[in-house]
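Enquirer: For reference, the chains in residue letters:
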Amino acid sequence: MTFLRWLRSLVLHRRLERDMREEMRQHLDRATERLMARGFSREEARRAAFQEFGNVHYLQEEARDVRGARWLGALSPDAKLALRMLVKNPLLSIVGGLGMAVAICIAIGFFTWMTFYYAHPPIADGDRVVTAAYIRADTEEATLYDYLVWRDEVTTLEELSAYRRARVVAEAQAGGSNSANLASITASGLRLAGVPPLIGRPLLDGDERAGAAPVVVLGFDEWQQLFAGAPSAVGAELLLDGRPHAVVGVMPEGFRFPANDGLWIPLVTEASIEGPDKSPWAVVFGRLAPGVDAEAAVAELSAIAGRHAIDDARTGAGFRLMVLPFIRHLLDVQQYPPWLVWLVQLFAALILALVAVNVAVLVYARTALRSGEITVRTALGASRARIVSQLFLEALALSLAAAALGLAMAEIGFRQMTSLVDLQAATPYWLFGSLPAETVLYAIGLAGFAAFIVGVLPALQATGRHLQSTLRTMGGGTGVRLGKTWTTLICVQVAVAVGVLPAVLGVAWNYTPPPQVNFPASELLTIRVQPPADGSPQPERDYARLQAELLSRVDALPGVVGVSYASSIPMRGEGARVELDVADATSMPATPFVATHLVDPEYFDLLGVPLLAGRPLNAGDAAEGASAAIVSRSFVEQLVGDGNALGRRFRESPGLGSEIAPDAPWFEIVGVVEDMLTDPRPPGTPATFHGAPLGAERFSLVVRTRGIAPASLTGPVQALADQVGLGAVGVTPMDAIYRGDGGELRLLLVMVGVVMLAVLLLSAAGITAMMSLAVTRRQREIGVRTALGATRGQIIASIFRRSVAQLVAGIGVGTVVAVLLDRVAQGEMLRGEAVPLVSVVCTIMLLSGLIATAAPARRALRLQAMELLRDE
Amino acid sequence: MSRSNTPLLPGTLELVVLQLLQAEATNGYDLSLRIQAITKDVLNVNAGSLYPALYRLEKRGLIGGRWQETASGRRAKAYSVTNAGRKQLADERESWERFAGALRAILSVT
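Chains as they are written, first to last, in the working numbering: chain L, 1 to 872; chain D, 1 to 110.
Rather than coming from a laboratory, the hints here were simulated on the basis of the structure. Here a beta-carbon is modelled for each residue, glycine too, at the ideal position from N, C-alpha and C. Errors might be hidden in some of the hints.
[What the hints assert, rightly or not] Below, a sample of chain L positions facing chain D; criterion: calculated Cβ distance under 8 Å:
no. : residue
1   : M24
2   : R47
3   : A48
4   : Q51
5   : F53
6   : H57
7   : E61
8   : E62
9   : L204
10  : G206
11  : L757
[Said to hold, decoys possible] DEER-style ranges, computed between Cβ atoms:
no. : chain 1 : residue 1 : chain 2 : residue 2 : range
12  : D       : A23       : L       : D127      : 39 to 47 Å
13  : D       : T12       : L       : R25       : 41 to 49 Å
14  : L       : V376      : D       : L9        : 16 to 24 Å
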């Protein structure tokens, strides 16, 4: 109750104050009237009433004490002063605020990611909803066959369900048409969600039977878009990739379970299963029964799987059955243990601490200049705590403003990211849209933490010592000495900037300009195909036959003008180290790497990527043991140099992390093609292309269309992949991938730009502040030297000498740090461009440092010797 | 006996305020007049003591204040005793009567 009353007085502070003053005014008015009625004049009556009442202000203070609100009254002017100081020091406010905002933005970015780790779907007992799958490294497998086997016997999981996702084109008879995320889901999946439909009915078990009439349940948005929200939608017909389905229900607004889905059709399980080897993949999920944990569920599911002989092959191949929180299959987070997540979070908070220390340098410099004011306030009776709390409030005002800006930046970044990942159906609908509420609380906590470093530490130092001597020397200088600590901090700051910025600049350099694709992305559909997902090894010829069948079936679809295949979809390659037969030591980076692709000989023809030199690959180059290869223009420019690339030989490592084996085969360059984007590596990454026959485990299709939207083939291609026994795991239009990559690059560039600007501004402002303080402290010395005949040049030289010494020390250490970091990262950070990148950053830092010193130097020159000495 | 400036015993102001407000809800000014009138000017509680006492009782939840219009058409904050205040008053009265009885017994000793 006491706390509630305190809270009330805090919230109602202004109203209680107004009431109190009004009440006392009424009292005085009535007393005045009473006395006037006794014959006093108005003035006399008023005076007498005041006498009778006592000291009003004193009484009001007493009343505030009673209410416990006196401190609020005292706080108010402090808060106002804090805001005034923010406006009065625009440089400090902008630079310090921006620096902290960027750091807070980074920290809350990590924090938000961490909250995802623990997030669960917003349905009843959502925290107990789990998936069951066989997992090896980052490969996750479960099939409809597994689901059927488990469903009939499992007791540890309730409402065991399965679903598959696809993107389909939905067309209503009324004319509405849209592409939407579709979940083929068992009726139990919607029962588990526990959300009743807005109108109509949900999916029922009967809908899953083979031969049942095809039905669909609409999401709220899809209902609005396709049927303009008309209730008559229920019962109407909807074409999904051209196949008619009867609409039986509409789900309420905001419901997009299980991932980000807007259409639900029954998963016709029985009809899909021919046996464990032929079963399509599916996500299997359910709710842990009361009192059951994941371990018990794993034990039971393993036992059931063992009885049906679907366990051994997988465990033999290194797969392990796992029951994991539902979120894990939607976000790629299962490989991170919780302690690592917390460690990353701690690291992010440390970045903020580093920036806050930087800002503290600035604040300290300013606090030192205000030491006269602090001393006078102390002499007038202000306690040390009072002054420290005032300085803390000033810092808090700044850090709260920074937190607000950081949150705004994070929100913009988050929305940007959401719009990018929305392209994929796998985005959990309950995570994206806006930053979670706990993130806002965390940002406020960070602001307090930063305010402590920025405000309290310099305040304790400024109020702790020298007060007496400051009082004595007031008017002649700042009194607060410029400690070695702060000078060292400036050097460290420059060193950190020089150490880290080249890598940041390198990223920006490598990813600029934004990608331009030189193939008709808007006409292409990409399909990633994975082998039958039962974990058992398959004879290679089986793959070849199945893949060839899929290729010919897809080629026969209407609107398709050509089909090709590769080990990965365009713009996605496998990283590898590369070695040339005769390395050109002058032009080659120490550890060159390339993006390597296995491709169909027809690949470049289909994509329309021009051959610049040599010959294309032919069928013979795709045979086992063939040695011909094609390389990209960047490969030639960066690794071969000016000489003729054709006929040169190279060999590769199996992956980025492995060395090139001594017996690795040599490949001969027979042709050169124009660069294609090879994300996730930067544009302009050297690429190699080897001919490959069908039959490899990794298999991606590229379909070129004409006259139809590539997305409209998603459903038919998925169906064909199922029919031939190959599960298509990612069917995505190429321009969606291209747009997504472009968006990510732009976001990355904006982030890099903001971080660089913040670091540069902080360093420059730190140097300005410290130099300014140094000039103020040396006023008398400068005065004496001027009086003794020192020239302007000598005065300027003495000012700049100190600044240059700090800058050179910082730059020296920073250069060593940059080179060491690059060594540790095996050349990945600066990618062979250490000299230009480090030079650019050193020049920028040196120039900004010198410019930052110019203003204090000009002030020193304006100091009049006689005035300074007279002050003495 | 002097008719004015008789100080209140420490701790009795709250008892006085609670008792009078239980009898009739009223504002601070009228309350001070009532104390003077009832005690025939023996007790003169000035505003400097009265208002802090009112705020203290209000903060402890023993009385509650509400703005309302008086008979003369003014707005005034009228205080009334809460349930907790009534219980507190009963306790304090009992304690006071015990104290006064004991004091009377001592003063009757001749």
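Enquirer: Tell me, which hint numbers fail for this structure?
Expert: 2, 3, 4, 6, 7, 9, 10, 11, 12, 13 and 14
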